[in-house]
Amino acid sequence: MGLEVKNYWVLQVAGREIWITETIVNTWIIMLVLIVLAMIARIKLRSFKDIPTGFQNAIEAIVETFDAFALDSLGEKLTYISPWFFMVFIFILSCSLFSVFGLRAPTADWATTFAFALATFILMLFMGIRHREGSYLKSFIEPHPIFFPLNLLGELSKPVSLSFRLFGNMLSGTIILTLYYALTPLFVQIGVPALLHAFFDVLFGALQTYIFVVISLMYVRGAVD
Amino acid sequence: MPSRIMLLAAQTVPEGRVFALDFQTLSGIVIQLINGIILAAALSYILYKPVQEFMRRRTERIQSKLDDAEAMMAKANELKAEYEQKMQGIEKERAELLEAARLQAAEESSVILENAREEASQIKEQALESLAEEKKRLKEETHLYIIELATLLAEKYIMEKLDDEAQNRLLEEAIAQLEEAEWKH
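Line order of the protein sequences matches chains A and B.
For what it's worth, my numbering labels the leading residue of the first sequence as 1, then goes sequentially.
For what it's worth, my numbering labels the leading residue of the second sequence as 1, then goes sequentially.
One or more hints might be untrue.
In the SDA-like style, the derived pairs of lysine to any residue whose C-alpha atoms are separated by at most 25 Å in a straight line are [what the hints assert, rightly or not]: (1) Lys49/B / Ile51/A; (2) Lys80/B / Ile90/B; (3) Lys44/A / Val25/A; (4) Lys49/B / Val36/A; (5) Lys77/A / Glu53/B; (6) Lys49/A / Gly16/B; (7) Lys49/B / Ala61/A; (8) Lys49/B / Lys65/B; (9) Lys49/A / Lys65/B; (10) Lys75/B / Gly75/A; (11) Lys92/B / Leu37/A; (12) Lys6/A / Ile38/B; (13) Lys49/A / Leu34/A; (14) Lys6/A / Ser44/B; (15) Lys49/B / Lys6/A; (16) Lys6/A / Leu32/A.
The hints are simulated quantities; they were obtained by calculation from the structure and are not laboratory data.
Source: prediction; values computed, not measured.
The task is simple: from the sequences and hints, build the whole structure.
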């Protein structure tokens, strides 16, 4: 595991280079695993019973917990956008959990965190205009039109702060673990890193996932209310 | 467009980096956004929505069963109340019937007692009458027997003491008395 995001391939598209980075490849791996798991769950859904047990219990618990969480945070009228945040939740959590197996977390790359923060920002604008129409746009010039630049800056800073918070936290874990592996002798690289991974990847990862999703939901809800 | 997309050889791939703000980061953001949209669509279509739908249907099914159970409970309670009301009615009716039977029995008992008393009184009266008659009859019989006995005694005495002349005189006196007695009646 290194500090840099490696580049695997370079695509030439319309005379421009597009780098296929470690982040993108790892994202595809995680996507593939999640989609396969989802398909297995979908196949098993046919044999789901009224009283859940085992695998059904786990799937229902994930969906139901997130559903209740989204309903609580977004309110009844915005639950139709909960699938996006369900994906964000599962994906960011999976990124952290996959890094336990040595896969560099895609969330330790600002491109990933900003992509999701940008999606939140777009959703925030779109939902604000859709549900509040003129009053949402008017909020940019309140309490006086002179405050427009400040309000605009305040809104634009939301995705930036959201993305850097997650990126910084995930990268810090990656840096600490990379330094540990690089600077410690081999005999302490067995056993001890498990605790560091449990802390930085599992615990921190779950916490940062929760924070990222909660703040995203609050931004969208704030734009609508 | 495929002719314009080209994969460069591995040796020409640039060095990795931690963070930068350039076109590559922008392209990375766009690719990750597209990845996110694809994953969101896939997870939503394959897992999230079907599981939600399954749980919604199950909730509806359970709710329907609960509603049915509640309706049945209400019906059962209604039947119970009706039954209890009927039971109360029956209890009241039973008490009324018992009271009526008790009253009738008391009435009949008093009638029977009255009849028995009357009958006893009649029997007693008849017995007393019959006793009086018997007494009278016995008295008469005793009187006649005494008369007969006195006559026999008198006859015997007279036979021993009186002569023929005295006998004739007494006979005449007796005939004379009898004649007078016939006149009296």
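We went through each hint and held it up to the structure:
1. For the proposed pair Lys49/B and Ile51/A, the alpha carbon gap of about 19 Å is at most 25 Å, so the pair holds.
2. Between Lys80/B and Ile90/B the alpha-carbon distance is near 15 Å, which keeps this suggested pair within the 25 Å criterion.
3. Distance check on the hinted pair: Lys44/A and Val25/A sit about 29 Å apart at the alpha-carbon level, beyond 25 Å; violated.
4. Distance check on the hinted pair: Lys49/B and Val36/A sit about 16 Å apart at the alpha-carbon level, within 25 Å; holds.
5. A hinted pair counts as satisfied when its Cα atoms are at most 25 Å apart, and Lys77/A with Glu53/B qualifies at roughly 18 Å.
6. Of the supplied pair hints, the one linking Lys49/A and Gly16/B is violated, its CA atoms being roughly 49 Å apart against a limit of 25 Å.
7. With a CA separation close to 14 Å, the supplied pair Lys49/B and Ala61/A stays within the 25 Å bound.
8. Restraint check for Lys49/B and Lys65/B: the C-alpha separation of about 24 Å stays at or below 25 Å, so the hint holds.
9. A threshold of 25 Å between alpha carbons decides the hint, and for Lys49/A with Lys65/B the separation of about 16 Å falls inside it, so the pair holds.
10. With a C-alpha separation of about 38 Å, the suggested pair Lys75/B and Gly75/A falls outside the 25 Å cut-off, and the hint is violated.
11. The suggested pairing of Lys92/B with Leu37/A is violated, with an alpha-carbon distance near 72 Å, which exceeds 25 Å.
12. Note on Lys6/A and Ile38/B: the hinted pairing holds, with a Cα-Cα distance of about 23 Å set against a maximum of 25 Å.
13. For the hint linking Lys49/A to Leu34/A, the alpha-carbon distance of about 23 Å falls within 25 Å, and the restraint holds.
14. In summary, the hint linking Lys6/A to Ser44/B is not supported, as the alpha carbons are separated by about 31 Å, beyond the 25 Å threshold.
15. Taking the CA atoms of Lys49/B and Lys6/A, the gap is near 36 Å; set against the 25 Å cutoff, the hint is violated.
16. With a CA separation close to 20 Å, the supplied pair Lys6/A and Leu32/A stays within the 25 Å bound.
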